[in-house]
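Peer 1: For reference, the chains in residue letters:
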Amino acid sequence: MTDFQNQNPNDPGLLLMISLASGPKHGHAMLLDVEHFAGTRLGPGTLYGALSRLEAEGKVEPLPVEGRRRPYRLTPAGRTSLNDRLASLQRAVEAGVARMSA
Amino acid sequence: MTRLLLRFFPAAWRDRYGDELSDLVSETGVSPRVAADIARAGSAERIRAARVALKGGTSMIFAPAWRHPTAWAVAGAIVLVPTLTLVVLAALRTTVAPVDDLLNSQRYLDLALVLGPAFAALLAALPLVRIGFTHIDGGSEASLSVRLRAANVVVVVIGLGVASLLVGHILFESVMQIGA
Chain D
1 MTDFQNQNPN DPGLLLMISL ASGPKHGHAM LLDVEHFAGT RLGPGTLYGA
51 LSRLEAEGKV EPLPVEGRRR PYRLTPAGRT SLNDRLASLQ RAVEAGVARM
101 SA
Chain X
1001 MTRLLLRFFP AAWRDRYGDE LSDLVSETGV SPRVAADIAR AGSAERIRAA
1051 RVALKGGTSM IFAPAWRHPT AWAVAGAIVL VPTLTLVVLA ALRTTVAPVD
1101 DLLNSQRYLD LALVLGPAFA ALLAALPLVR IGFTHIDGGS EASLSVRLRA
1151 ANVVVVVIGL GVASLLVGHI LFESVMQIGA
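Chains as they are written, first to last, in the numbering used here: chain D, 1 to 102; chain X, 1001 to 1180.
In short, the hints are calculated from the structure, not lab data.
Keep in mind the model is a prediction, meaning the values are calculated, not measured.
For every residue, glycine included, the Cβ atom is placed at its ideal position computed from N, Cα and C.
Partial pick of chain X residues on the chain D-facing surface, computed with a CB cut under 8 Å:
#: 1; residue: Glu1020
#: 2; residue: Leu1021
#: 3; residue: Asp1023
#: 4; residue: Val1025
#: 5; residue: Glu1027
#: 6; residue: Thr1028
#: 7; residue: Arg1033
#: 8; residue: Asp1037
#: 9; residue: Ile1038
#: 10; residue: Arg1040
#: 11; residue: Ala1041
#: 12; residue: Glu1045
Below, a sample of chain D positions facing chain X; criterion: calculated Cβ distance under 10 Å:
#: 13; residue: Ser52
#: 14; residue: Ala56
#: 15; residue: Arg68
My request is simple: use the sequences and hints to build the entire structure.
Peer 2: Here is the structure:
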C-alpha cells in the first residue's frame, strides 16, 4: 500500500511528473502544461521546490541548458513511481465512482 | 526584487536553481501572489534542508542575519524607540495626555510596548549568532559561533534592560495590588 499523503492529485510533484511523462520540458513549459491539463496554476516557487525534491529523489533529471532554459525529464525510477501513483489513484477513483453509482 | 525573494531559499539551493527560478519569474512576472509563493516555498526548503542536516545528510549553517549586522541593529533600535521614549518620559514624570489615553484604551498596544524591547534585543542579537550542523564520521556535530558588534550589543543591552525594568515594574505593581 502506498503512502496516502502521496495520493493527493494536486500534489505539485505528481503534476510535474505527469507533465514530464509526455517528454522533457523546462520550467515555464511545465507551468503552462500543468495549467492546461489540471487547471492548476503552480507558483514559480512551488514548481521549483517540487522539481528540486523530485531531482533529489532521482525521479527527474536535468538535461543540458538550451539557451537560458534547462529542460528536465523523467528518469526510469520517476516513470515507475508515477505509474504506481496513478494506478493507486485510479483504484480510488474507480471505487468512488462505483459506490456513487450503486 | 526577485534576487531579494530568492534569499528565502538556502544558499546551496539558490546556487543550483536560483538562475532558473529567476528566469521563470521574469517570464511570469512578480505579483504579490508570486512573491508569497516564493517566500512560502523558500521557507519550506529551508525547513527541509534543516531536517536533512539534522539527520546527518549534509552540513548546514544556520545564520539568519549574519550579513548586514548594522542594519539589524538599526531595526532593533527603531523597535525600541517607542517604549524607550515612554520610559524616559515616565522617569522624568512627564505625562502626555493623548498618549496616556491611548495606552489606557488599547490593551494590546500596552502589551506591544512591553514586548517591544525584548523583540528589539532579539533583532539586534540575531546577527551575532551562527549555528552549524556538520556530519562527521557517521555522527552529527553542532557548533555555535558568537561574535560581538558594538552597535548590536548596545541595542541588546538596552533592550534587555528596558524589558527587565518593565517586567519588574509589572510584577511589583501586581504584588502591591494583591497586598492591598
